[in-house]
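Protein chains in written order, with full-length UniProt numbering: chain C, 1 to 437; chain L, 1 to 437.
Hints were generated in silico from the structure; no laboratory data involved. Among the clues, some could well be false.
Since the list gives no way to pick one copy over another, a pair counts as held whenever it fits inside one copy or between any two copies.
Stated by the list, open to error - No more than 35 angstroms apart at the CA atoms, straight line, and that leaves these computed lysine-lysine pairs for DSBU-like:
| id | residue 1 | residue 2 |
| --- | --- | --- |
| 1 | Lys-290 | Lys-188 |
| 2 | Lys-386 | Lys-157 |
| 3 | Lys-286 | Lys-188 |
| 4 | Lys-144 | Lys-199 |
| 5 | Lys-199 | Lys-157 |
| 6 | Lys-290 | Lys-122 |
| 7 | Lys-323 | Lys-144 |
| 8 | Lys-386 | Lys-225 |
| 9 | Lys-144 | Lys-188 |
| 10 | Lys-199 | Lys-286 |
| 11 | Lys-59 | Lys-144 |
2 protein chains.
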Amino acid sequence: MAKRTPSAHQSWLPAANDSANGFPLTHLPYGAFETEGQQHLCVAIGTHLLDLYECAASKLLPRSIAAACQAAILNPLMALGPRSWALLRDTLTELLHISVETSRRQVAEAALHSIAGATLLKAIHIPDYTDFYASIHHATRVGKLFRPDQPLFPNYKHVPIGYHGRASSILPSGIPIQRPHGQTCPDKPDGAPGFGPTKSLDYELELAFYIGQSNPLGTPIPVGKASSHIFGISLLNDWSARDIQSWEYQPLGPFLAKNFATTVSPWVTPMAALEPFRAPASPRPKGDPKPLPYLRSSADQRSGSLDIKLEVFLSTNTMRANKLPPFLLSRSNVQDLYWTPAQLLAHHTSNGCNLQIGDILATGTISGPSPTSAGCLLELTSNGAKPIALPTGETRSFLSDGDEVILRGTCETPDHPRLTLGECRAAILRAHSPSTA
Amino acid sequence: MAKRTPSAHQSWLPAANDSANGFPLTHLPYGAFETEGQQHLCVAIGTHLLDLYECAASKLLPRSIAAACQAAILNPLMALGPRSWALLRDTLTELLHISVETSRRQVAEAALHSIAGATLLKAIHIPDYTDFYASIHHATRVGKLFRPDQPLFPNYKHVPIGYHGRASSILPSGIPIQRPHGQTCPDKPDGAPGFGPTKSLDYELELAFYIGQSNPLGTPIPVGKASSHIFGISLLNDWSARDIQSWEYQPLGPFLAKNFATTVSPWVTPMAALEPFRAPASPRPKGDPKPLPYLRSSADQRSGSLDIKLEVFLSTNTMRANKLPPFLLSRSNVQDLYWTPAQLLAHHTSNGCNLQIGDILATGTISGPSPTSAGCLLELTSNGAKPIALPTGETRSFLSDGDEVILRGTCETPDHPRLTLGECRAAILRAHSPSTA
Numbered sequence: 001m002a003k004r005t006p007s008a009h010q011s012w013l014p015a016a017n018d019s020a021n022g023f024p025l026t027h028l029p030y031g032a033f034e035t036e037g038q039q040h041l042c043v044a045i046g047t048h049l050l051d052l053y054e055c056a057a058s059k060l061l062p063r064s065i066a067a068a069c070q071a072a073i074l075n076p077l078m079a080l081g082p083r084s085w086a087l088l089r090d091t092l093t094e095l096l097h098i099s100v101e102t103s104r105r106q107v108a109e110a111a112l113h114s115i116a117g118a119t120l121l122k123a124i125h126i127p128d129y130t131d132f133y134a135s136i137h138h139a140t141r142v143g144k145l146f147r148p149d150q151p152l153f154p155n156y157k158h159v160p161i162g163y164h165g166r167a168s169s170i171l172p173s174g175i176p177i178q179r180p181h182g183q184t185c186p187d188k189p190d191g192a193p194g195f196g197p198t199k200s201l202d203y204e205l206e207l208a209f210y211i212g213q214s215n216p217l218g219t220p221i222p223v224g225k226a227s228s229h230i231f232g233i234s235l236l237n238d239w240s241a242r243d244i245q246s247w248e249y250q251p252l253g254p255f256l257a258k259n260f261a262t263t264v265s266p267w268v269t270p271m272a273a274l275e276p277f278r279a280p281a282s283p284r285p286k287g288d289p290k291p292l293p294y295l296r297s298s299a300d301q302r303s304g305s306l307d308i309k310l311e312v313f314l315s316t317n318t319m320r321a322n323k324l325p326p327f328l329l330s331r332s333n334v335q336d337l338y339w340t341p342a343q344l345l346a347h348h349t350s351n352g353c354n355l356q357i358g359d360i361l362a363t364g365t366i367s368g369p370s371p372t373s374a375g376c377l378l379e380l381t382s383n384g385a386k387p388i389a390l391p392t393g394e395t396r397s398f399l400s401d402g403d404e405v406i407l408r409g410t411c412e413t414p415d416h417p418r419l420t421l422g423e424c425r426a427a428i429l430r431a432h433s434p435s436t437a
Numbered sequence: 001m002a003k004r005t006p007s008a009h010q011s012w013l014p015a016a017n018d019s020a021n022g023f024p025l026t027h028l029p030y031g032a033f034e035t036e037g038q039q040h041l042c043v044a045i046g047t048h049l050l051d052l053y054e055c056a057a058s059k060l061l062p063r064s065i066a067a068a069c070q071a072a073i074l075n076p077l078m079a080l081g082p083r084s085w086a087l088l089r090d091t092l093t094e095l096l097h098i099s100v101e102t103s104r105r106q107v108a109e110a111a112l113h114s115i116a117g118a119t120l121l122k123a124i125h126i127p128d129y130t131d132f133y134a135s136i137h138h139a140t141r142v143g144k145l146f147r148p149d150q151p152l153f154p155n156y157k158h159v160p161i162g163y164h165g166r167a168s169s170i171l172p173s174g175i176p177i178q179r180p181h182g183q184t185c186p187d188k189p190d191g192a193p194g195f196g197p198t199k200s201l202d203y204e205l206e207l208a209f210y211i212g213q214s215n216p217l218g219t220p221i222p223v224g225k226a227s228s229h230i231f232g233i234s235l236l237n238d239w240s241a242r243d244i245q246s247w248e249y250q251p252l253g254p255f256l257a258k259n260f261a262t263t264v265s266p267w268v269t270p271m272a273a274l275e276p277f278r279a280p281a282s283p284r285p286k287g288d289p290k291p292l293p294y295l296r297s298s299a300d301q302r303s304g305s306l307d308i309k310l311e312v313f314l315s316t317n318t319m320r321a322n323k324l325p326p327f328l329l330s331r332s333n334v335q336d337l338y339w340t341p342a343q344l345l346a347h348h349t350s351n352g353c354n355l356q357i358g359d360i361l362a363t364g365t366i367s368g369p370s371p372t373s374a375g376c377l378l379e380l381t382s383n384g385a386k387p388i389a390l391p392t393g394e395t396r397s398f399l400s401d402g403d404e405v406i407l408r409g410t411c412e413t414p415d416h417p418r419l420t421l422g423e424c425r426a427a428i429l430r431a432h433s434p435s436t437a
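Model the full assembly from the supplied sequences, consistent with the hints where possible.
See the structure below:
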């Protein structure tokens, strides 16, 4: 990609040029919002959103993509393919650029709404949801807690481990999560298991990749062609009930411990916006095996990962009552993952499994090498054994009712505007009363 | 349900009264077929199918359900709820009964097609697919192969173990399955894993329950109310690649070993047709723990299971060339399951997980107590160690290319016509060539 001078990225919308906002002209993440009882697609720009339905109605968009931009969800646009994605992006970039002619700018201005006052909705219909386990730091640290002798299974460095999640309970950012009930391990070997609200509710900091192009059943996607099948990304919080998980997960994996809710950022950052933040695949430590050929591509090794800084914040009822800002729990980076997105996708389809437009492939918890870069409380508190002290004097082993978890992602590189991914946040509601169980 | 004399079940269609056919007047399973380039809903009767779209167009159906019967899939009809399901069933039973007036009979006759000449399609859009592990005989026998010291994990008798399957690769009966490629365990501890076509392709004999009524996220369905949420059943074959499975499944469960294909019978038997075949829950052996209260209902214990005889047949290329009939591999019965369908559904929603109309809950492999009643080759051949001898002189440890697997289900009880579930069959195609990988 040719380098541009910073002025190339100037918009006529002042807030888009303020680096404090994460939605500059080079970002343009997709979303959906409610307007007059209808769901319209939009892109974020500065502190505003641009209504794509209105842009199409006002003839600001090429005819070939206008109908897809007037759909309620992004799936029809995704189905048009990468050329159409680029065409729309180029059109919107030109329209919002400082050099656009006044007449078009005025029409676009009429399609702007403040994000602050908008109700954001789920922009993508998600048919299937797959969750991976791509952070070796997460897998090792969790493994150490439960299997000190063998933290990593022998397959980890060969197989991008993954499992199927539940698509029906994926929620957009902002919807509160109800603490789930579940079965837990008996206190003594022959005792009855417990059943009640989970006592170890956790978050997991993840990145979600949206599939933008499908593959027919029986036709694998080679690792070298994987990137053209990915439309964009969101932050994702894979809520987890650790006490339920540890009792139910053998031998078929997590189930009710995870499927009660998953939160995604409502803004979908297109892969095109992330080009300047591409990064080499995480170097494998000496002695680690090379990935099998079907997982290897030199282009992917060179630039298949992403330099995205991630942060997790916690805000408790007490913190909000005392007007304290959210507390930073951890920092990590997508670059630290052991497997690249293209490797996850190539592996997923290596047996012919068909991915569909709108499917999510999530990374699994993104933890870095240091203990403070752990992407969940299970790691940060050593499964509750070492509670975290908060500025209020409160402590947390796991999440309490009223706690709000906020995931943030930031992309920074010299000579390019800073992007922030759409925020992913949700608060915990107390469990339902037994009478409704 | 009041007892009827056998003549109460007589249809004017002679084939419907022949007990050799499994689709008597009391069955009326739902399906979909292709006609003049369109997909129409239908029910099976005798050797024919009745086009529901045509019935609605000819004003044979009540107005409140006519539009749903003219949809391409069953989901809109399911969304109308149990009263509408009963209304449609009563209307069709009357219409096909020997006592119907000639004028209506003649209009119905015009909507009949021979099943033999029809192309059957997938009648239900399946949003999510959950697979359980409800046969203790299967779990114990598989456990013995891999963990002789501890065949069953301590959770098995308390938790209906389940995991999420892949909905995108569910296929209707008759579509051949391509042998998948995959990664397999290295031959020696520090060696590279293998990658190629699976050498241990297996079937799994299962029953699928279709969710007919959804529950909102956060609202569990009590075990006593579960049955009203189930619309009907199909046979289901959960194809499995055992070599891929044993290498990938720790710690998050099966993934690529299962998600390349799942075959369902195209005929959906409504729960109403199964009322005469209800059976008590399988009695728990002395010493087994009682299920927790959220999994217990006296009505469910009394009649929450189903008396459905199941059979698996194998037909090889050589058998077909020699005009030999398919070979019976095993026999089992749904009654042998450790958990009832209502318990599976109550458990699935006990944490608030939302089920959607059209979702499948599958039982997992249905094996009986005897070794000959095992529902997969993994059990029948002791993971390939004891190959099965076929009448042709061939042997099978696992499935070969060209093999066809046929699942059948039969319901029999005195004074009631015999039903057979729609057949679930598919053949194995050889793996794709490496050049397309």
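Hint-by-hint comparison with the structure:
no.	hint	in the structure
1	Lys-290 - Lys-188	between (44 angstroms within a copy, 16 angstroms between copies)
2	Lys-386 - Lys-157	both (29 angstroms within a copy, 33 angstroms between copies)
3	Lys-286 - Lys-188	between (44 angstroms within a copy, 20 angstroms between copies)
4	Lys-144 - Lys-199	both (21 angstroms within a copy, 34 angstroms between copies)
5	Lys-199 - Lys-157	both (33 angstroms within a copy, 23 angstroms between copies)
6	Lys-290 - Lys-122	neither (39 angstroms within a copy, 42 angstroms between copies)
7	Lys-323 - Lys-144	neither (38 angstroms within a copy, 58 angstroms between copies)
8	Lys-386 - Lys-225	neither (44 angstroms within a copy, 42 angstroms between copies)
9	Lys-144 - Lys-188	both (23 angstroms within a copy, 25 angstroms between copies)
10	Lys-199 - Lys-286	between (40 angstroms within a copy, 33 angstroms between copies)
11	Lys-59 - Lys-144	neither (58 angstroms within a copy, 67 angstroms between copies)
Checked against the numbered hints given earlier, this structure breaks hints 6, 7, 8 and 11; the rest are met.
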